[in-house]
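A.B. asks: Here's the letter readout for the chains.
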Amino acid sequence: MSKAEKIEPAPQASASAEFPTPYLGRTVRIIGEFLNVDMNQSPHPKNQRGELGKPLFNWYHNTVSKDPLTRVSAPNHFADRRHFLSTVVNQAAKGKINPKKVPVNDPAAMARHIKAVAHYMGADVVQIAKAHPNYLYASGGGRYVQDGTAKDEYSSHTPEQLARKFPYIIMATTAWDYNKLQAHRHLIGDAAYHVSQIKGNMILKALEGYIKELGYTALRGVAVPQAVGIASGVGELGRNGLVINKKFGARVHMPDPIMTDLPLLADEPVDIGVEDFCKICRKCANTCPTNSIPFGDKVVHNGVEKYKINWLTCYKLRPYVHDHWGSCLTCATVCPYTKPNAWWHNLTTSALHTCPFFARPALVHLLKWIDDKFWGVVRNGRVQWLGYDSGVKPGEHACTVASCNASHEKAGASAVTGNVGYYAPLKENTNRFVKRDA
Amino acid sequence: MAFKLPWSGKESHRDDPYWDFFINTAPADLTNTVTELIRKAPAGNIFPTKAELHTPEITASHVKGMAQYFGAELIGIAKLPKFSLTESLSPLPLAGEGEGEGARKNSEAEDLPFAIICAVHADYDPRIAKGIGGQMPAQNGLFITFVLSSWIRELGFRATVVRDTNAEALAAQAGLGTLNGQGRLITRKLGAGVYIADPVYTDLPLAADG
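Sequence order for the protein chains is A and L. If you count the first sequence from 1, position 244 lands on 244 in this note's numbering, and the numbers rise without skipping. If you count the second sequence from 1, position 93 lands on 93 in this note's numbering, and the numbers rise without skipping.
Treat the hints as calculated values from the structure; they're not laboratory data. Quick reminder that beta carbons are idealized off the backbone N, C-alpha and C, glycines included. Worth double-checking, as some hints may not be accurate.
[Said to hold, decoys possible] Computed list of lysine-lysine pairs in DSS-like fashion (alpha-carbon distance at most 30 angstroms, straight line):
| no. | chain 1 | residue 1 | chain 2 | residue 2 |
| --- | --- | --- | --- | --- |
| 1 | L | Lys40 | A | Lys115 |
| 2 | A | Lys94 | L | Lys189 |
| 3 | L | Lys130 | A | Lys115 |
| 4 | A | Lys100 | L | Lys189 |
| 5 | A | Lys165 | A | Lys100 |
| 6 | L | Lys130 | A | Lys101 |
| 7 | A | Lys393 | L | Lys50 |
| 8 | A | Lys298 | A | Lys316 |
| 9 | L | Lys130 | A | Lys96 |
| 10 | A | Lys393 | L | Lys40 |
| 11 | L | Lys64 | A | Lys339 |
| 12 | A | Lys247 | L | Lys50 |
| 13 | L | Lys189 | A | Lys247 |
| 14 | A | Lys66 | L | Lys40 |
| 15 | L | Lys64 | A | Lys94 |
| 16 | L | Lys50 | L | Lys130 |
| 17 | A | Lys96 | L | Lys64 |
[Unchecked claim] Covered stretches of chain L, going by a simulated chain A footprint (3 or more residues, C-beta under 8 angstroms):
| no. | region |
| --- | --- |
| 18 | 13 to 20 |
| 19 | 29 to 43 |
| 20 | 151 to 158 |
| 21 | 172 to 182 |
| 22 | 188 to 198 |
Put together the whole structure using the sequences plus the hints.
C.D. replies: Structure below.
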């Protein structure tokens with residue numbers, strides 16, 4: 001994209017000369033007064049304090065999943081916390097910074113090295129953002145941490161002080177398995193989401209340790225993952241509120257990134273046509289079981305122009321479907337960008353990227369028509385994986401494993417035929433208690 | 001940056017001035033490594049209700065499928081000879097040493113009839129390459145065996161990860177490959193560039209390979 005085509009951010013009164021309003025690509029613009037995100041006002045901390053009601057509080061704290069794999073891989077629904085690897089990794093003591101600092105003469109070479117290291121460790125996407133106070137949590141509001149603690153000697157620093165001292169933020173993330181994700185609102189989809197999440201946590205912990213071994217600081221829990229994801233060029237922000245990546249679409253995690261003083265070369269926000277696609281597509285808004293995704297235009301929230309999802313209605317459904325799944329994932333699954341990492345997918349996103357702006361709406365209409373035709377308007381295909389089968393109706397039991405002659409106490413309630421999967425709850429059921437966005 | 005053809009295979013890292021540090025320099029503080037964290041993590045409890053299982057053959061294929069999903073590239077199941085089991089375990093408790101970690105694991109692993117062996121590719125031998133990068137096969141192996149053994153315990157069965165010096169022989173017994181003159185495993189898929197993760201000993205009803 002040429003400089004002339006870039007949408008320049010509007011001037012902001014509070015933006016200092018040292019930290020001018022950052023350019024975040026075409027999908028997100030800071031156009032008003034911006035207050036740093038207070039981590040304590042995000043959904044999970046609010047729920048931990050019981051501010052979202054008893055059903056959500058009890059779902060988060062007092063439920064044990066009936067699925068063995070979920071008890072191992074998902075946060076908070078385990079029978080024994082020691083089986084959850086993220087707890088082991090995050091609660092461990094922090095290592096010391098190596099006093100023998102490795103000199104960095106070429107930040108570009110070090111940036112390439114850190115990306116190669118993260119990929120070697122198993123990360124699917126690695127990008128680097130130039131630190132900016134707007135990407136950091138508000139001072140005094142606490143750090144983001146899933147288990148354990150993210151406290152360090154810089155906890156009292158303001159976002160500006162942190163951005164000065166630690167000028168780079170590394171986002172290394174993992175993608176969810178495409179085939180399993182097709183069983184969204186199902187335990188199979190949960191497996192795709194949660195296993196890649198714990199693997200991602202382990203990779204980030206290992207990368208954090210490696211940066212310390214190089215002799216530099218690595219801070220955790222300080223930066224807002226989505227802001228860093230967009231600023232570093234992991235992807236663009238979609239209508240569904242997810243960062244959409246060129247290779248993996250919406251099926252990438254946005255984990256807690258690493259802020260560091262290691263000399264690096266930062267990446268830039270990208271344009272892969274999400275701005276043009278989301279204006280027209282609306283597949284996620286149509287299929288969201290809770291109507292939490294807007295059909296309308298972008299809004300300005302906290303000085304940021306973007307599509308704003310209703311996180312509360314998205315969150316509120318979970319206690320009622322706990323027996324069937326843990327993470328909905330429907331908006332990520334139906335997103336036309338979420339495809340297998342194949343040549344034809346890369347060709348399509350490249351075509352969108354290179355297409356002139358005036359011609360993009362026509363191209364998007366064509367691509368959406370192809371997507372509806374070949375992948376369907378809603379995704380309800382049957383997925384079988386190991387002993388799991390999304391063709392078994394929610395609440396029923398059946399062993400559908402070929403050639404299994406073991407006697408099952410609960411099996412045989414339904415004869416499963418065809419290629420239709422059942423994903424609870426059905427949209428018509430949720431329409432009764434969640435009103436569609438105006 | 002060196003010119004690289006897209007079909008020229010895996011990254012050589014020859015133009016990376018820091019790669020050797022990543023692979024070969026042992027960490028100054030072991031707390032900075034994930035391998036130590038996972039190795040030292042205590043095992044959790046066995047879920048009180050046993051999950052309904054399929055036949056041993058199908059359960060074995062599901063265990064392999066699960067291990068593969070966690071990242072294992074080769075998976076085999078070996079039947080353990082009951083009385084030779086503890087002889088191969090390491091570290092063994094010495095006489096008068098009391099109930100150490102080795103002793104605890106030995107007692108936990110007794111009477112477990114199967115060993116699940118998972119292997120991953122190893123570009124560098126973790127026994128020689130002591131850097132965080134050189135230890136990456138061990139880290140990947142620990143991830144797989146930690147999650148796999150936790151999952152089996154959540155199914156309601158016993159499962160324990162055992163540091164077994166005889167892992168390569170068990171892998172050969174499970175049909176993952178053959179042992180060469182030095183007792184190292186050679187596999188059809190990965191050749192000698194393979195790392196055998198610590199075996200998971202379990203009483204989950206399985207069908208053994210080999």
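A.B. asks: Against each hint, give a clear statement of whether it holds in the structure.
C.D. replies: Here is what the structure says about each hint:
1. Between the alpha carbons of Lys40/L and Lys115/A the distance comes to roughly 29 angstroms, so the proposed pair stays at or under 30 angstroms and holds.
2. For the given pair, Lys94/A sits about 38 angstroms from Lys189/L by alpha-carbon distance, which is inconsistent with the 30 angstroms threshold.
3. For the suggested pair Lys130/L and Lys115/A, the alpha carbons sit about 21 angstroms apart, so the restraint of at most 30 angstroms is met.
4. Annotation: proposed proximity of Lys100/A to Lys189/L is violated, straight-line Cα distance about 40 angstroms (limit 30 angstroms).
5. Using a Cα cut-off of 30 angstroms, the hinted pair Lys165/A and Lys100/A holds, with the two alpha carbons roughly 20 angstroms apart.
6. Between Lys130/L and Lys101/A, the direct Cα distance comes to roughly 18 angstroms. Compliance with the 30 angstroms bound is thereby established for this hinted pair.
7. Among the hinted pairs, Lys393/A with Lys50/L is consistent with the structure: their alpha-carbon atoms are about 23 angstroms apart, no more than 30 angstroms.
8. Our distance criterion of 30 angstroms between C-alpha atoms is met by Lys298/A and Lys316/A, whose separation comes to about 23 angstroms.
9. With a C-alpha separation of about 18 angstroms, the suggested pair Lys130/L and Lys96/A falls inside the 30 angstroms cut-off, and the hint holds.
10. Of the supplied pair hints, the one linking Lys393/A and Lys40/L is violated, its CA atoms being roughly 42 angstroms apart against a limit of 30 angstroms.
11. At roughly 26 angstroms between alpha-carbon atoms, Lys64/L and Lys339/A fall within 30 angstroms of each other, so this suggested pair holds.
12. Taking the CA atoms of Lys247/A and Lys50/L, the gap is about 41 angstroms. The hint is violated against a cut of 30 angstroms.
13. With a CA separation close to 28 angstroms, the supplied pair Lys189/L and Lys247/A stays within the 30 angstroms bound.
14. The hinted pair formed by Lys66/A and Lys40/L meets the criterion: a straight-line CA distance of about 28 angstroms does not exceed 30 angstroms.
15. A hinted pair counts as satisfied when its Cα atoms are at most 30 angstroms apart, and Lys64/L with Lys94/A does not qualify at roughly 34 angstroms.
16. A distance of roughly 41 angstroms separates the Cα atoms of Lys50/L and Lys130/L; the hinted pair therefore is violated under the 30 angstroms criterion.
17. The suggested pairing of Lys96/A with Lys64/L is violated, with an alpha-carbon distance near 38 angstroms, which exceeds 30 angstroms.
18. Coverage of the region 13 to 20 of chain L by chain A holds in this model, with 5 residues showing a Cβ closer than 8 angstroms to a Cβ of that chain against a need of three.
19. With a cut-off of 8 angstroms between beta carbons, the region 29 to 43 of chain L has 11 residues touching chain A; three or more are needed, and the interface restraint holds.
20. For a cut-off of 8 angstroms, the count of residues in the region 151 to 158 of chain L with a CB near a CB of chain A stands at 4, and the three-residue condition holds.
21. Coverage of the region 172 to 182 of chain L by chain A is violated in this model, with 0 residues showing a Cβ closer than 8 angstroms to a Cβ of that chain against a need of three.
22. Counting residues of the region 188 to 198 of chain L whose CB falls under 8 angstroms from any CB of chain A gives 0; the rule of at least 3 is not met.
In terms of the numbered hints stated before, the structure departs from hints 2, 4, 10, 12, 15, 16, 17, 21, 22, listed from lowest to highest.
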